[in-house]
Amino acid sequence: MVKTRMILRKKSKSKNRFCGNCHYHNMYEYPDLILCSLRYQNSNDFIVPTLGCCEKWTPDSQECFCVEEAMKKRNKNSVEHCKE
Amino acid sequence: MKREDFLREPVVHMKLNSKMTVNEFIQQFGNSGCFGAGRLSTACDIFERMIRDDECTIFLAIAGAVVPAGLRTVISDIIRKKLVDVIVSTGANMVHDLIEALGGHHYKGHWLVNDSVLYGYHIYRIYDIFVPEEDFTKADVAVADMFDEIAKESNSRTLSSHELTREIGARLTDSKSILRAAYEANVPVFLPAIRDSEFGVIYQFHMKKHSKDKILQVDAFKEVPEIIEIAKKSPRLGMVVIGGGVPRNTIQHAAVTVGKGLDHAVVITMDRAETGGLSGSTLEETVSWGKVKKKAGKVMVIGDALIVFPLMVAAVLERLGDKFVRRVK
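Note that the protein sequences, when read in sequence, are chains A and B. The numbering of the first sequence is the numbering used here, which starts it at 1 and goes up by one. The numbering of the second sequence is the numbering used here, which starts it at 1001 and goes up by one.
Bear in mind the hints are in silico, worked out from the structure with no lab data behind them. Take the hints with a grain of salt, since some may be wrong.
To be verified - In silico lysine-lysine, BS3-like type, Cα no more than 30 Å apart, as pairs: (1) A/Lys73 <-> B/Lys1138; (2) B/Lys1108 <-> A/Lys73; (3) A/Lys72 <-> B/Lys1138; (4) B/Lys1176 <-> B/Lys1323; (5) B/Lys1108 <-> A/Lys72; (6) B/Lys1222 <-> B/Lys1176; (7) B/Lys1214 <-> A/Lys56; (8) B/Lys1233 <-> B/Lys1081.
Just chain B, with the same shape it has in the complex (with noise of 0.2 Å):
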């Protein structure tokens, strides 16, 4: 490279009004184009690329607590709006999916508190947020009693998660609901650590009930080929990550083992890279394993996923009009 090479394009300096649209004001970062303002305003060049490309199956990880912090109708309105094809997530994001269409709430807490108190009252804390036992308990029983059911129908076969959660989706009428607006959208919804969660609760409550034959039957493994197949179907893959963990590898996986690796991806993360764990691994490091091409679009931006990701959504609804319908080959 030659000296010019590295001077082509100065930073443009934001600018800002009063009148401005969230994308208006994206495009200030991209102006920029510097530290967390530049990734983030390439992350929405590279989601809206994804969503007009109509041969590019998206896929969405949910990892780290997004759902009872706030994110659930913002999933639930681009699952409805068909701006994501599958959803891979942490079970306990479903399961405060599940609290929530089942009556319960997520409360605005603080993180300077007495945790023996919250105790004592029998409130659970996650960061800055409070929920109530009783909360979990009834949604507890009421899946439980979905497990009952869905045990009972499937007579003995064995499902896959996504099998099941679209089972619990089938049986919620809460229309701001995850599961439920997957299950009306047809998006599969697979929880690859489920029982890592709530779920895992919920099964050995059900478990206790009924004799080992009439037990639901629910395996980690017989989803493997089912995401694969998504997969080897798509011409080009696309994956948007909130958090890492096991739904980012679930996706990555799925793309390295068809033999394509991901065209577009942006990682949403907190975590560093120096520890060797999957949610902060580069995207560069990640195209070691073959699990992103190249060329692929990618970033990964470095925030916090409650900013960064309804800013990425507003700004791409935005873009896209009300009138836009992603057609997908």
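Chain A extracted, bound-state conformation (with noise of 0.2 Å):
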């Protein structure tokens, strides 16, 4: 269910700003891409990774899993590449 919650300008616990803890994420490709409903309205491209950010980015009210986990398999992903 795409989340349509009034937006509740509180901090977020998150250091830093990432489109999967942006208000206007919904998972699409868990934990890598999200669809920003935003975008979507405006019809810009709306597939974004979890990791990226814009000037629009908007607090989530509640935390979820999206970063830690994209994180995760990013350095994951850059391990392995070392290995090689």
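Join the two chains, each given in its own frame, into one complex according to the hints.
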């Protein structure tokens, strides 16, 4: 279900701003890709990386595991790349 | 009534064996005739009777999350076999049909789970079913694209929910889909509470991309004369209800509006009558409104529709046999 709840402008616990902890994110391909409902309305490229970000970033009212899991996956991939 | 009238039919104890078919099993329920077993056996008899009545239009009401739970193919199969003529469903059940038609899945889960963890993983729970958010998101995008196309083709013409579901069914390729089966079998699918489901969110998706004059127009009242017309044309009316709610009353409303009342009614529910809610209202109560005839074949089976409905369909299919073709005048 696409989030339609009111935007709660409270401080995010996360230190960094990512699409994956923005209010407008909806999971598209866990944990790497998300659908940005704001970009969708504007018909822009609306499938964006979880670890991306833009100037419209708005804190999400509840935290999920997207960013953490996407980071873990990215780090794991880079370690494997180094081993090669 | 005399004393002996109360003591006519003794309980025949069930006899089971290892080679029983579903219908033989249900007949043992009928021999008992008691509690849920007796009611389920009666439900099979009534469903069979309405199918064999070639002047009866059969309405199937679908409420409660039975499509994500596994009844999707059972329903699309009986549509293709023309064992039902009209579907009246919650919007949600058809959204779950679309999720699978568009490549998504529902997963076996558990009711004892930390829902905050599910939230974190973007997984939704329907009792013991898990649905990943991405399957909803992908369906949202695909159906919103269909809305764009349908709006363009309809040239601002207002559609009823059954016209919309027909357009959606025409755009699907999954043969197991309820909406696809209904489109191919020319069975109308009414969604009287369409906005109370993911369809509402999809509509919002579609709406925000277009100017007011290019938005899909769906009128909830347009289907009222459409379903009444179906009821009016039919000499007799039958209803099978999974759950209840808005879908059940939409059918009952059509039956009472044409002044007929239903001739056959099977309701499968776990709701109770004491709250006054429609899903739990007894069929006797429904008689008081004129929605069901006093002499109708009617039964309410109190039980989990996921157990009761497939048993009922399997038993009736067995009784009808593979060569049976339903003829409706």
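Query raised in the report: Are the Cα atoms of A/Lys73 and B/Lys1138 separated by 30 Å or less?
Result: Given that 30 Å is the threshold and the Cα spacing comes to 22 Å, the pair holds.
Requested in this report: Please work out if B/Lys1108 and A/Lys72 have their alpha carbons no farther apart than 30 Å.
Outcome: holds, 27 Å
Query raised in the report: Hey, B/Lys1176 versus B/Lys1323, does the alpha-carbon distance stay inside 30 Å?
Result: Holds, at roughly 21 Å.
Report task. Take a quick look at whether B/Lys1233 and B/Lys1081 sit within 30 Å of each other, Cα to Cα. Result -> holds, 22 Å
Requested in this report: Please work out if A/Lys72 and B/Lys1138 have their alpha carbons no farther apart than 30 Å.
Outcome: Roughly 24 Å between the alpha carbons, so the hint for A/Lys72 and B/Lys1138 holds.
Query - Hinted pair B/Lys1108 and A/Lys73, Cα distance within 30 Å - result: holds, 26 Å
Query raised in the report: Does the structure keep B/Lys1222 and B/Lys1176 at a Cα separation of 30 Å or less?
Result: holds, 29 Å
Query raised in the report: Does the alpha-carbon distance linking B/Lys1214 and A/Lys56 stay inside the 30 Å limit?
Result: holds, 27 Å
The structure is consistent with each of the numbered hints, conforming to all of them.
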